[in-house]
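Chains as they are written, first to last, in the numbering used here: chain A, 187 to 615; chain B, 187 to 615; chain C, 187 to 615; chain D, 187 to 615.
Among the hints, a few may not be true.
One copy or two, it doesn't matter: identical chains are merged, so the pair holds either way.
[What the hints assert, rightly or not] Cut-off 25 Å, straight-line C-alpha distance, at most; resulting in silico cross-link-like pairs (DMTMM-like, lysine to aspartate or glutamate): (1) K528 <-> D580; (2) K419 <-> E231; (3) K416 <-> D374; (4) K416 <-> D345; (5) K558 <-> D492; (6) K564 <-> D341; (7) K528 <-> D383; (8) K275 <-> E209; (9) K275 <-> D511; (10) K558 <-> D402; (11) K419 <-> D241; (12) K528 <-> E234; (13) K564 <-> D511; (14) K558 <-> E438; (15) K564 <-> D580; (16) K243 <-> D345; (17) K558 <-> D374.
For the record, the hints were derived by calculation from the structure and aren't laboratory data.
4 protein chains.
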Amino acid sequence: MAIPSDLEIANSATVLPLPQIAELAGIPRQHLELYGHGAAKVQLEAIESLAGRPDAKYVVVSAITPTPLGEGKTTTTVGLGQAFSHIGKSATIAIRQPSMGPTFGIKGGAAGGGYSQVVPMDLFNLHLTGDMHAVTAAHNLCAAVLDAHLFHGNDLGIDIHNITWRRVVDINDRALRNITVGLGGRLDGIPRESGFDITAASEVMAALALATSLQDLRNKMGAIVVGYTKDDKPVTAEDLEVAGSMTVMLREAIKPNLMQTLEGTPALVHTGPFGNIATGNSSIVADQIGIKTGDFLLTEAGFGADMGAERFFNIKCRYSGLVPDAAVLVATVRGLKAHSGKHRIVAGRPLPAALLKENPDEVHAGGDNLRKQLENMKIHGVTPVVAINEFPGDNTGDLQAIEQIAAEYGARSARCTHFSNGGAGAAEL
Amino acid sequence: MAIPSDLEIANSATVLPLPQIAELAGIPRQHLELYGHGAAKVQLEAIESLAGRPDAKYVVVSAITPTPLGEGKTTTTVGLGQAFSHIGKSATIAIRQPSMGPTFGIKGGAAGGGYSQVVPMDLFNLHLTGDMHAVTAAHNLCAAVLDAHLFHGNDLGIDIHNITWRRVVDINDRALRNITVGLGGRLDGIPRESGFDITAASEVMAALALATSLQDLRNKMGAIVVGYTKDDKPVTAEDLEVAGSMTVMLREAIKPNLMQTLEGTPALVHTGPFGNIATGNSSIVADQIGIKTGDFLLTEAGFGADMGAERFFNIKCRYSGLVPDAAVLVATVRGLKAHSGKHRIVAGRPLPAALLKENPDEVHAGGDNLRKQLENMKIHGVTPVVAINEFPGDNTGDLQAIEQIAAEYGARSARCTHFSNGGAGAAEL
Amino acid sequence: MAIPSDLEIANSATVLPLPQIAELAGIPRQHLELYGHGAAKVQLEAIESLAGRPDAKYVVVSAITPTPLGEGKTTTTVGLGQAFSHIGKSATIAIRQPSMGPTFGIKGGAAGGGYSQVVPMDLFNLHLTGDMHAVTAAHNLCAAVLDAHLFHGNDLGIDIHNITWRRVVDINDRALRNITVGLGGRLDGIPRESGFDITAASEVMAALALATSLQDLRNKMGAIVVGYTKDDKPVTAEDLEVAGSMTVMLREAIKPNLMQTLEGTPALVHTGPFGNIATGNSSIVADQIGIKTGDFLLTEAGFGADMGAERFFNIKCRYSGLVPDAAVLVATVRGLKAHSGKHRIVAGRPLPAALLKENPDEVHAGGDNLRKQLENMKIHGVTPVVAINEFPGDNTGDLQAIEQIAAEYGARSARCTHFSNGGAGAAEL
Amino acid sequence: MAIPSDLEIANSATVLPLPQIAELAGIPRQHLELYGHGAAKVQLEAIESLAGRPDAKYVVVSAITPTPLGEGKTTTTVGLGQAFSHIGKSATIAIRQPSMGPTFGIKGGAAGGGYSQVVPMDLFNLHLTGDMHAVTAAHNLCAAVLDAHLFHGNDLGIDIHNITWRRVVDINDRALRNITVGLGGRLDGIPRESGFDITAASEVMAALALATSLQDLRNKMGAIVVGYTKDDKPVTAEDLEVAGSMTVMLREAIKPNLMQTLEGTPALVHTGPFGNIATGNSSIVADQIGIKTGDFLLTEAGFGADMGAERFFNIKCRYSGLVPDAAVLVATVRGLKAHSGKHRIVAGRPLPAALLKENPDEVHAGGDNLRKQLENMKIHGVTPVVAINEFPGDNTGDLQAIEQIAAEYGARSARCTHFSNGGAGAAEL
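Model the full assembly from the supplied sequences, consistent with the hints where possible.
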């Protein structure tokens with residue numbers, strides 16, 4: 187029987203009331219702020235309230251270097267989270283909120299896939315509770331204040347050729363990448379070259395993900411460097427006297443969002459820094475809450491173990507003080523074959539037929555990427571488990587090739603079919 | 187005793203649970219979606235559910251032409267709403283959501299003032315439930331699709347010199363008013379001149395305010411003209427195949443937000459088109475719900491009776507089918523004195539001493555503005571009531587001058603002290 | 187027999203050695219600087235050397251308001267100049283150098299036409315002796331110094347939104363009309379909006395045309411206002427310390443160029459300010475030399491008697507001190523018919539057939555333009571002579587209509603066939 | 187006795203009539219077109235007329251890599267040219283026309299220096315006969331036609347992101363380096379990013395320098411690539427149908443300019459491509475004329491032997507067919523010391539005192555530059571002569587160091603004092 191589409195599965199899901207999910211996770215009702223029927227914000231006071239509870243095992247989920255095919259990192263995180271209830275354990279997952287930008291492009295959605303999704307899918311993919319918008323607004327408020335400062339005489343002596351703070355928009359809008367602002371007339375500002383980045387690349391987003399409290403966020407906002415004077419001295423948001431307002435605009439956004447998976451696993455969805463150009467990890471405060479909510483906390487690190495996971499170990503954990511207990515590395519047959527360099531894959535096009543044939547040599551060739559990621563993980567002192575995200579139609583020989591690579595590094599591996607089978611499919615792991 | 191500041195009053199307010207406010211207004215619990223503790227969205231299905239209830243008296247509140255002093259239109263609407271409970275009647279108010287742009291500038295807040303405010307004040311003034319952001323995102327999605335269309339070969343033959351669709355941002359950012367987009371290189375779009383307007387001026391915002399259903403909004407999105415071909419044929423969002431996505435992004439934003447006044451009066455806060463450059467009225471769907479929630483529905487029309495109220499009668503009511511029962515015109519001694527042209531008033535500076543002295547002649551001179559507004563109202567078939575928003579320190583002679591002007595036009599007038607005294611102060615009216 | 191094309195006539199012309207032309211005009215050889223075989227510059231010292239000679243009759247040639255058809259103002263000036271030798275008198279003509287801009291566009295040439303041309307035609311229409319380029323270079327040097335001043339700290343406090351000095355180019359280049367300059371990086375200047383005008387519109391060109399000596403030109407360069415400070419104080423080229431360099435660059439350009447007509451009449455060709463946007467007259471120094479070179483000096487005033495001639499009387503003559511003895515107004519049957527508003531004429535397209543039919547009423551209708559120009563001339567105290575530039579195929583009734591209009595104002599009129607017949611055709615006048 | 191300034195020397199020079207200079211060089215009078223009193227153009231027909239005369243020895247003068255100090259390449263070329271008459275030989279020099287851009291900057295002039303200059307100095311440094319302006323105009327005509335082509339529908343399908351043809355200006359105007367053109371409105375062109383280079387870098391300039399006839403120039407203009415279509419096919423000036431007009435604008439500019447040195451040596455001054463970014467050599471046609479005008483033709487190759495001279499051998503000579511007989515390499519004590527990397531030299535500031543002390547080791551250290559240039563020259567089959575341009579105050583030990591370096595490569599060397607002593611000072615060489 188064919189697997190229904192992601193959308194069909196998501197739409198037919200029963201979404202449990204969020205207070206029920208919170209109760210499952212042990213989060214006191216008074217720290218919950220409902221946002222419609224699909225999500226709730228968890229107040230940071232919950233960290234204090236939950237302090238007495240035992241810590242969950244802290245597991246980071248990463249993957250091989252991304253290919254246009256998608257390796258199913260989020261899907262696996264969701265699947266793993268769901269799997270624990272199949273073995274009598276409780277788990278919470280912590281993932282990032284996706285950017286609307288690429289979502290309206292090719293990918294179509296970032297809520298996971300198949301029977302391992304966060305629901306409601308449309309809420310997850312769109313505004314959710316408005317955090318992305320708040321980050322965008324806070325970032326752009328800083329830019330507006332900066333340009334207004336130039337307009338009103340530039341008392342700080344900012345060098346207009348050395349302004350590093352651009353604007354952001356949560357959409358893939360290429361026409362805004364490089365623009366000239368301040369045109370028009372006497373009332374329209376000072377002309378200069380600038381542009382927009384995607385919100386997921388905003389330093390405000392990274393700071394929000396790394397903040398441990400609202401006060402800490404306030405400090406991080408103040409420390410933001412927006413440019414330099416003609417003497418090459420840095421100019422900060424504090425100098426512009428805008429850091430306080432930026433923080434006010436983020437007052438709600440700093441609270442993690444509670445959602446659920448298709449099987450009712452609690453999912454903390456919070457902040458969305460890109461892995462290739464920013465920290466690539468969901469928020470510290472979400473993990474600080476999640477670590478007290480069950481037997482396991484699965485937290486996702488984006489864009490390849492060498493990018494997201496490296497920052498997880500070296501940046502996020504240093505700030506948060508949390509110590510990971512295990513690491514999962516997601517790999518797929520098709521992803522490793524793509525890394526062999528033998529196929530030309532175009533996003534949105536059908537896979538080349540040659541890629542679908544059994545060919546363990548190709549898996550081994552592309553397996554160098556997996557090997558290097560395994561080495562990377564071991565540098566950080568954890569022995570990774572390889573989660574083989576098995577797709578319908580994957581060949582046994584190819585799957586075994588991945589298992590052999592994992593074994594070379596003394597890493598346990600397991601095939602997961604959570605896409606087709608939900609949590610049960612990842613229970614082996 | 188001095189009146190505490192707006193902020194002090196707002197912060198010391200007891201905010202009732204929204205379900206309790208909804209119950210007061212007769213809105214069924216199942217149509218309520220809580221958004222944190224201060225606001226809730228009311229689903230449009232409520233219109234159907236409430237159809238059997240009697241209509242409230244429909245009262246539009248407008249004012250003389252705005253001055254930098256603020257005439258207290260929102261404050262009076264709130265005060266009036268609160269006043270009805272003092273005379274044993276139930277009322278709901280319907281007002282617009284303020285733009286963050288000017289809020290971060292001089293004005294400081296738009297939630298009303300003194301003891302006549304909508305609370306929580308900070309929620310009201312900032313993101314609320316994210317509607318502003320959704321309008322911004324939908325508007326800018328259309329712009330991004332338009333520029334992407336140009337980039338991918340411009341099959342529609344759009345004349346780049348005749349594109350009328352700009353982008354919007356919910357902040358007063360003068361450097362973005364006139365920009366050149368599409369600079370950079372081969373992957374960065376087609377260069378052209380464009381710019382950003384404030385979100386409150388977006389056609390998407392106006393359409394949201396005038397939509398009577400999600401389907402109607404979908405149609406309005408499709409009909410948006412973004413520019414013209416070289417043959418001067420209009421090009422629409424429908425032609426760009428973006429109208430559906432825009433509507434999806436507005437799916438939550440179309441639901442009115444329920445809040446409350448300091449005295450627990452239900453307040454529907456929804457959409458924020460500016461009165462000087464757009465329709466200046468809150469949404470039709472908010473009024474369609476509010477009209478079934480008590481004895482009176484007070485709806486505010488922005489930026490002077492000749493702007494906002496004119497559009498209320500000629501645009502909003504024609505779309506909604508609702509017929510106003512009464513009109514209130516807010517006037518102040520200081521506002522009319524400002525209209526006399528004898529004083530130089532700068533926003534944010536203390537009032538000129540001369541303006542505070544008793545001088546009925548000046549009130550009569552500036553009273554021409556009030557006279558014209560009274561005439562305007564009568565054209566639309568309603569006899570207005572003049573609400574004299576009395577400030578502490580106003581002189582009797584000056585107040586009487588306003589009463590005389592109202593009497594010239596056969597309009598009833600009443601002094602209101604709702605700023606100092608809350609609803610009790612507006613009960614006379 | 188068909189009249190050969192302008193180019194054929196020009197190319198078959200015998201061009202006399204310039205020293206011979208100068209001798210004819212009484213200009214001493216030592217004041218002549220040859221520039222190739224077709225032109226020579228006359229040193230300003232000639233003014234002093236010729237001081238003792240008698241003044242020529244000073245005749246200004248103007249026309250009805252220009253139409254796309256061309257009224258033959260230059261052609262008539264040349265034809266008249268040539269005509270004097272047919273009646274035993276000596277004449278010199280003084281005309282402007284054309285801009286290359288429109289020349290490379292539709293018009294094709296500005297040297298006159300038919301048998302009444304200045305030769306060599308290509309020299310006349312292209313670089314001539316480089317005066318246009320010198321004006322362009324001096325103008326743009328000032329702009330470069332201005333932008334360098336902004337770049338180096340803007341000690342003069344120039345308001346970048348209130349810079350009135352643009353750049354110029356001697357070509358019709360629409361892409362340069364509105365540009366943003368100073369883009370790039372730290373070494374590439376200060377971004378601002380600016381643009382290029384055509385060289386013929388440069389204030390440097392107007393100043394060169396009105397200068398009475400190199401020292402006077404130096405003063406005029408220094409007085410050029412390039413923009414304003416933020417306090418609205420004017421900033422001059424003198425303030426930028428560039429006026430001296432600009433003058434140096436114009437040292438050759440201030441010397442009038444001596445050329446000749448097809449019949450060997452001396453032609454002083456000097457400066458080219460447009461008549462619609464600048465002074466529209468050739469230089470004062472050319473007239474100061476020409477006034478001493480024969481019985482008549484014919485000087486052309488551009489773009490309609492109400493534009494060029496008005497500035498001739500009110501600006502040029504006041505600076506030069508010369509007093510006109512007579513004024514010629516050129517009119518054509520087709521030009522007046524075009525002014526009737528009954529025909530749609532497109533430059534470069536064949537004339538509408540209807541316009542070529544005899545129709546004196548149409549001439550009378552369009553004749554209002556001629557009437558007003560005649561009135562304008564009389565205001566300045568000279569009674570104009572109407573030169574009817576007769577084209578092959580013009581109808582008698584139409585020509586008589588012009589004569590009637592002239593007679594209404596007591597002006598003498600004469601039909602001229604100089605285009606077909608050279609100087610002999612204008613001898614009646 | 188102190189040496190007078192360059193300007194004093196130049197102004198006190200006796201400038202001989204150009205026909206006399208031409209006669210000295212054997213150029214028939216009928217091929218001479220006088221341009222004022224200081225220069226004349228030589229018609230290309232002179233090449234044919236002179237064909238029967240014997241060839242001069244063809245000597246290329248180059249130098250070590252330029253430093254901010256100036257090595258006196260032009261000065262030495264002039265000095266050498268003058269020197270031949272001191273040993274009873276006739277010589278002609280061929281040099282480039284300088285750009286006005288840097289001339290109005292730091293350098294002050296490019297006519298040579300001291301008693302080895304081309305005169306009149308101001309004519310040489312400014313417009314000369316307008317060739318620079320003609321190149322600028324032809325180049326920019328092409329750009330204007332290109333933008334007009336885009337404006338009128340872009341039938342050639344030019345990719346606006348892949349246009350390689352910019353505009354040029356003969357001035358150092360940093361604000362024009364990177365600009366956005368085509369702004370404004372419907373009539374103002376298509377917006378795109380572009381900019382201005384200096385005229386000396388124009389491909390038109392390089393083509394003019396390498397053209398062997400007007401027809402050849404016409405072909406070169408047609409072959410100019412202005413950009414590419416979206417299919418990456420080149421688009422030429424021929425495709426734009428502008429190559430003919432460009433050639434017409436260069437009709438005078440292709441004729442070499444005849445001037446003279448302070449001692450009356452004929453100097454052909456023609457074209458000015460920069461050596462660092464273009465071909466760096468004066469024109470082929472000037473050399474083709476000069477090669478028939480005496481015992482020696484000294485032609486200058488700009489910007490270091492590795493730049494200008496390399497292009498002389500590999501590009502210019504291949505096009506012209508002329509074969510060099512000898513090569514002169516100019517070196518200075520101060521230049522080699524600067525190349526040692528031990529001194530910080532800023533253009534326009536006094537030399538560091540340390541650099542002026544005798545220090546042969548430093549000369550040897552910086553001498554690596556001279557060594558490599560000597561090697562470069564030998565690759566092309568000529569043994570260079572090192573001309574040591576001796577400055578007053580140079581120390582004997584330092585001068586001897588240069589002689590030692592030359593001797594290492596078997597190259598003859600000679601000290602020249604032409605700056606102080608004119609031609610006599612270079613006679614040794």
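Verification of the hints:
no. : hint          : verdict
1   : K528 <-> D580 : within (18 Å within a copy, 67 Å between copies)
2   : K419 <-> E231 : neither (38 Å within a copy, 58 Å between copies)
3   : K416 <-> D374 : both (23 Å within a copy, 15 Å between copies)
4   : K416 <-> D345 : both (5 Å within a copy, 19 Å between copies)
5   : K558 <-> D492 : within (8 Å within a copy, 47 Å between copies)
6   : K564 <-> D341 : neither (51 Å within a copy, 53 Å between copies)
7   : K528 <-> D383 : neither (33 Å within a copy, 45 Å between copies)
8   : K275 <-> E209 : within (16 Å within a copy, 41 Å between copies)
9   : K275 <-> D511 : within (16 Å within a copy, 63 Å between copies)
10  : K558 <-> D402 : neither (35 Å within a copy, 55 Å between copies)
11  : K419 <-> D241 : neither (44 Å within a copy, 65 Å between copies)
12  : K528 <-> E234 : neither (53 Å within a copy, 60 Å between copies)
13  : K564 <-> D511 : within (12 Å within a copy, 71 Å between copies)
14  : K558 <-> E438 : neither (40 Å within a copy, 45 Å between copies)
15  : K564 <-> D580 : neither (28 Å within a copy, 67 Å between copies)
16  : K243 <-> D345 : neither (49 Å within a copy, 57 Å between copies)
17  : K558 <-> D374 : neither (52 Å within a copy, 34 Å between copies)
Comparing the model with each numbered hint stated earlier shows that hints 2, 6, 7, 10, 11, 12, 14, 15, 16 and 17 do not hold.
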